[in-house]
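K.L.:
With the sequences and hints as input, model every part of the structure.
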Amino acid sequence: MTRRQRRLILIGIAGVVLVIAAGLVLYALSDRIVFFNSPTDVVEKHVSPGTRIRLGGLVVDGSVEKAANGVVHFKVTDGKTAIPVTYQGLLPDLFREGQGVVAEGVLDPDASLSADTVLAKHDERYMPPEVVKALKQSGRWEDSAGNYGNGQPAPGAAAATEAKP
Amino acid sequence: MIVELGHFALVLALGLALIQSSVPLLGALRGDLRLMVVAAPAALTQFLLVGLAFAALVHAYVVSDFSLLTVADNSNSAMPLLYKITGVWGNHEGSMLLWVLILALYGALVAAFGQNLPEKLKALVLSVQGWIASAFLLFILTTSNPFLRVAQPPVEGQDLNPVLQDIGLAIHPPLLYLGYVGCSISFAFALAALIDGRIDAAWARWARPWTLAAWIFLTLGIAMGSYWAYYELGWGGFWFWDPVENASLMPWLATTALLHSAIVMEKRDALKIWTVLLAILAFSLSLVGTFLVRSGVLTSVHAFASDPTRGVFILAILVVFIGGALSLFAARAGTLAPGGVFAPISREGALVLNNIFLSAVLATVVVGTLYPLALSALTGEVISVGPPFYTLTFVPLAAPLLFLVPFGPLLAWKRGDLLAAAQRLFAAFGAALLVAIVAAAFAGTANVLALAGVWLGAWLIGGALSELATRLRVGTVPLAASASRLAGLPRSALGTTLAHAGLGVTVLGVVIATTWSSEAIRSMKPGETVDIAGYAVTLDGYTNTPGDQFNETDIHFSVRSGGALVAAMAPSKRTFADRQTTTTEVALKNRGFSQLYISLGDIAADGTATVRLYFKPFVTFIWLGAILMALGGLLSLSDRRLRVGAPRVARAKPQAAPAE
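As given, the protein sequences belong to chains A and B, one line each in that order.
Here the working numbering runs 740 ahead of the position in the first sequence, where the first position is 1.
Here the working numbering runs 323 ahead of the position in the second sequence, where the first position is 1.
Everything labelled a hint here was simulated from the structure, so no lab data went into it.
Please note: incorrect hints may appear among the correct ones.
[What the hints assert, rightly or not] Covered stretches of chain A, going by a simulated chain B footprint (3 or more residues, C-beta under 8 angstroms):
1) 742-756
2) 771-780
3) 827-840
[Claimed, not checked] Between beta-carbon pairs, the in silico distance windows are:
4) Val759(A) / Asp592(B): 51 to 59 angstroms
5) Ala762(A) / Phe749(B): 31 to 39 angstroms
6) Arg746(A) / Leu772(B): 30 to 38 angstroms
7) Val783(A) / Ala656(B): 50 to 58 angstroms
Here the structure is a predicted model, which means the values were calculated and not measured.
C-beta atoms are modelled at their ideal positions from N, C-alpha and C, and glycine is treated no differently.
P.N.:
Shown next as structure tokens:
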């Protein structure tokens with residue numbers, strides 16, 4: 741084998757592997773990603789039933805109902821719209837009424853969400869950026885709700901969420 | 324007073340880092356030895372000063388000095404001593420100080436053990452280290468100063484986030500940082516080579532031990548993080564493809580590729596430019612990881628409440644270092660003498676193939692991690708890229724790599740014999756098939772892909788053992804001769820065997836625990852029993868233990884198998900009065916290599932508890948395999964040939980030379 745052939749073989753293998761990788765990534769990006777929606781988005785964008793979405797907002801006060809066999813019903817709101825969520829499983833320890841939550845699951849035809857994952861904040865001073873975004877969109881975001889250290893609003897907290905929407 | 328001394332030491336360290344980054348560089352460029360020798364004492368003193376600052380902070384936490392803002396926010400006088408100490412890095416400021424401490428430690432190690440490095444290379448390496456240290460010290464002092472005082476100190480601190488009050492916090496962040504920051508050394512070596520315009524096989528011998536050390540710590544740090552998430556978060560999962568997990572996986576993949584390409588460079592004086600690029604990429608990805616975790620752009624258990632100017636500052640550091648390094652690479656790579664081209668079927672050919680696949684796998688993780696961030700910055704659309712994405716991209720690219728691993732060590736340098744290698748792997752092939760058939764007998768043939776995964780894991784272990792057997796000539800020479808060959812084997816060869824076998828063990832654990840785990844979610848009252856995977860789990864009752872810091876409610880379960888009591892398990896709920904927070908402590912029970920896992924939801928007023936039970940077959944293999952990989956790395960690191968600071972070992976008789 742000449743130098744030239746050897747080099748061609750190496751470049752060929754590298755090329756083939758990279759093309760396969762690129763193809764897989766592009767296909768997966770078009771097919772296997774989940775969009776985040778605020779409750780108002782779900783209604784206004786007419787997200788079609790059967791779509792997998794992430795829904796973020798605050799848990800509506802008094803909306804949490806726990807049935808037997810571990811099924812939980814609650815509503816998620818951004819202050820404008822509330823979407824009912826059904827979830828079977830253990831809720832995170834910091835799941836509370838009136839607190840931020842992100843639920844992931846499939847949208848049902850009646851515009852409710854069958855969630856298989858529920859994420860709450862892990863630290864009472866921390867708010868998931870998605871929830872902040874949903875609240876800002878609906879105009880319900882206040883600096884006092886931002887939890888940037890010490891439980892006091894930090895200067896520029898709101899500006900930051902604007903800079904990184 | 325101690326606090327102010329710590330603060331002062333940190334400022335001094337910054338000044339010294341600035342000297343360390345400029346004076347030796349000037350010396351190296353001018354060829355002035357007097358300026359170059361400044362590097363080592365500067366690095367050692369810098370470590371001393373940062374160490375002093377860190378010790379001052381630890382002291383403040385231990386004595387619960389709530390006049391410090393970070394202590395008041397993240398500590399509490401009622402906490403056990405261990406959590407007071409680990410609480411030092413359980414927050415943004417302290418964890419950045421730990422980062423810089425470890426950076427200074429590595430610089431000091433190079434200064435102390437690098438006596439055999441050429442003076443110019445050493446000066447350049449320490450100078451690059453100095454740049455990184457300057458940037459991060461400036462970052463800490465201007466945006467994340469841990470030594471800020473409060474005007475009116477509170478009587479009691481706000482307590483450490485209960486999720487972090489765990490032995491995991493003592494182990495996981497230091498290990499991971501030792502890995503992340505360890506990549507800075509190979510990065511510094513790469514930049515030094517580019518500035519100097521000279522690179523040879525000896526460079527690889529000097530740089531490789533540091534890469535190996537970083538890789539060992541990364542491996543252990545990732546495994547520890549995975550186990551911590553597994554038992555702390557209560558979801559029973561060990562890997563979530565969370566961007567923060569990916570942040571640690573990306574440098575791991577890059578250092579793994581770097582370790583392999585550096586071998587080719589050392590042995591065959593080839594792949595030089597590629598190796599330098601990988602060294603730059605590995606640390607760049609560590610910086611990206613630091614940015615992702617510390618800037619607060621992600622929703623994650625790792626994101627501390629943080630102020631946004633910090634994210635911008637880290638981003639600026641990121642751009643300067645990665646952009647600068649890549650520009651330097653683009654400008655100077657051409658001056659490095661290119662290496663030879665070699666036969667595709669050879670050890671070096673196999674190592675190149677390893678690098679191609681690792682790069683492809685790495686690229687998918689990079690895209691999956693950064694694409695959502697880019698999209699959200701550009702269009703405002705928020706998406707999440709989760710396990711389905713990686714199942715479709717990472718897995719199909721990793722599988723062929725895993726299949727090829729056993730071939731590599733069996734091929735000779737320069738010109739390998741694929742047929743001979745395949746014949747030697749015949750036994751491994753058959754043994755792996757047997758394992759897959761046994762798995763099918765237990766679990767059925769419904770999931771063919773999982774069975775293929777089992778085969779792949781067993782094939783990796785079998786392949787590693789076959790390679791060892793070939794080296795020892797098991798079967799062709801008497802057993803005693805094989806044993807004496809084992810004693811004479813270079814430790815790096817044994818390290819390879821162990822690391823590759825460990826990879827197989829991890830693959831087996833991942834495949835089996837993911838595919839064949841059993842799960843049950845029930846509302847249970849005392850006296851009720853749930854059957855799972857052949858075990859009858861009964862809820863016996865509750866006990867309440869009030870404590871200083873939290874009240875703990877234990878729920879007692881007894882586990883029976885075939886009527887006989889085999890285990891008692893007690894998951895618990897902890898209520899922290901100060902933070903009005905509840906945490907769940909899961910209960911784990913080892914059954915062989917498998918685990919029973921009980922997590923809790925709410926406990927209702929009438930005594931009904933929501934209970935989640937898992938049986939995870941062979942789940943411990945995941946972390947045992949990682950420990951084996953790290954041990955393999957350690958064995959390799961102890962090889963005389965690679966010993967840190969051991970420069971020129973006579974290269975004659977590599978086989979016959981005793982390992983010690």
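K.L.:
Compare the structure with each hint and give your call.
P.N.:
Against the structure, the hints:
no.	hint	verdict
1	742-756	holds (count 7)
2	771-780	holds (count 6)
3	827-840	holds (count 6)
4	Val759(A) / Asp592(B): 51 to 59 angstroms	violated (30 angstroms)
5	Ala762(A) / Phe749(B): 31 to 39 angstroms	holds (36 angstroms)
6	Arg746(A) / Leu772(B): 30 to 38 angstroms	holds (35 angstroms)
7	Val783(A) / Ala656(B): 50 to 58 angstroms	holds (55 angstroms)
Violated hint for the displayed structure: number 4, the only one.
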